[in-house]
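Just so you know, the protein sequences line up as chains A and B, in that order. If you're matching positions, the first sequence starts at 1 in the working numbering and goes up one per residue. If you're matching positions, the second sequence starts at 319 in the working numbering and goes up one per residue.
Incorrect hints may appear among the rest.
[Unchecked claim] With a Cα cut of at most 20 Å, we get these calculated SDA-like pairs of lysine to any residue:
| no. | chain 1 | residue 1 | chain 2 | residue 2 |
| --- | --- | --- | --- | --- |
| 1 | A | Lys238 | A | Glu186 |
| 2 | B | Lys342 | B | Pro331 |
| 3 | B | Lys434 | A | Ile122 |
| 4 | B | Lys342 | A | Lys238 |
| 5 | A | Lys238 | A | Tyr184 |
| 6 | A | Lys238 | B | Gln328 |
| 7 | B | Lys374 | A | Trp43 |
No wet-lab data here; the hints were simulated from the structure.
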Amino acid sequence: MTRLGRLALIGCLSRLWVCLMDQPLLAETAVSAQQGSTAAPWWIWPLILLVVTFVMGIAAVLGGVGGGVLFVPIISGFFPFHLDFVRGAGLLVALAGAIAAGPGLLKMNLASLRLAIPVALIASTFAIVGAMIGLALPTNVVQIALGATILGICVLMLIAKKSELPDVPQADRLSSALRIYGVYQEATTGQIIDWKIHRTPQGLLLFVAIGIMAGMFGLGAGWANVPALNLLMGAPLKISVATSKFLLSITDTSAAWIYLNKGCVIPMMVVPSLIGIMLGSFVGVRLLRVTKPGIVRWIVIGMLGFAGIRALMKGLGI
Amino acid sequence: MADSTDKSLQATPEQLLYASILEKGMFLGLIILLLTYAVYALGIATPYIPLNDIPKCWSMDVHQYLQTCKIEEGWAWLSMVRYGDFMNFIGIAMLAGVTIICFLAIVPILWRQNDKLYACLSVVEAIILAVAASGILGAGGH
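This is chain A alone, in the form it adopts within the complex (with noise of 0.2 Å):
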């Protein structure tokens, strides 16, 4: 594709993008459908979430972030659902993309099964609490600090660094302990790739705030789980990037049963918000041979930033 062509795609999503969220004609729509009017047809909505999460889940692949959390502060921000609904079907859009990619991830042994074990233990017992502390607080609490933790990944986003090899000196006597070590071959490179991680405690802790976050908001926790794993750990990037997307297939399961249970799961929010999220991920793993994924993370950092103000104005009752 030329540079023109990749500046026209990514003109058309951005322009698909204001359209989308012009905020007079949601925001008309959506203090119809609170007030129970009746002028727009029922199916309107699914259909335009459906377009939403389509464009959304191209972003996400192309902005390397997961669904759940564009999903949650963007359709809370900009739709007439109830931020517990949003949380429930943000939940289960970010489940489904686990289990879509989770079994791929462990045949091909990118996936660690016994770096997630201990990890998930830890995140999904928090994501529990999360879930119940973030359905028992006020929703505009909920909203304030949700907009406060986008706007927080979006600095950790933009200063956060990445290290494909981390250098990890010696392994710690708990991930001894438990074994967890690997080896995987570098795809590009054809090299055998010996690794082990250290500050597992550290990171393990980590984890407990990471699953409260998760629960609490309804996000899916990539955005945390990569740098914890690979930062502050020490897994090799492809490791934890696997890994951490595995891990969402456990986490999100504890948390999304919470909000199951609580009745916080509306079918004709959740449904169209899956299928046009996993069909805009195939077409943006499509688009991501050809487009810059610069330029696309500067967008997703602006939407998420957008995203955060507008959580945070309406927890605020601005």
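Knowing the structure of chain A, use the given hints to seat chain B on it.
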């Protein structure tokens, strides 16, 4: 040396079993979800909440929604699966439940390999997920 490297490049048997069950559960759950959604959205099965009333429900908080629509929490949806909307919960529950089966399935392999610590961790993880799924962990309302 080369042999041992080749061997460790492969995923372990428990990892492959986990992946295989997760894959099957994912496909089954997604197919059921898509089919039941088609039945629901096309009006083939009568929904519990009429389609035209859905926009009134999703703007309420969950407590208000459950009260207004007279829906009970937890596994009460099982008694309502004849309705088009609640039919969708079968696929959703499958997607959310397959991980529990994956963890239980790898326990015998880990135990046979004398990896008792990971066998125990897997059982504990399955219990945690099962407790979350059971609905016994009641959260406070708004």
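Against the structure, the hints come out as follows:
1. Proximity of Lys238 (chain A) to Glu186 (chain A) is assessed by CA-CA distance (about 9 Å); at most 20 Å being required, the pair is judged to hold.
2. A distance of roughly 17 Å separates the Cα atoms of Lys342 (chain B) and Pro331 (chain B); the hinted pair therefore holds under the 20 Å criterion.
3. A C-alpha spacing of about 19 Å is found between Lys434 (chain B) and Ile122 (chain A), which places the hinted pair at or below 20 Å, so the restraint holds.
4. Proposed proximity of Lys342 (chain B) and Lys238 (chain A) is contradicted: the alpha carbons are some 25 Å apart, above 20 Å.
5. Annotation: proposed proximity of Lys238 (chain A) to Tyr184 (chain A) holds, straight-line Cα distance about 9 Å (limit 20 Å).
6. About 16 Å separates the Cα atoms of Lys238 (chain A) and Gln328 (chain B), which keeps this hinted pair within 20 Å; it holds.
7. With a C-alpha separation of about 13 Å, the suggested pair Lys374 (chain B) and Trp43 (chain A) falls inside the 20 Å cut-off, and the hint holds.
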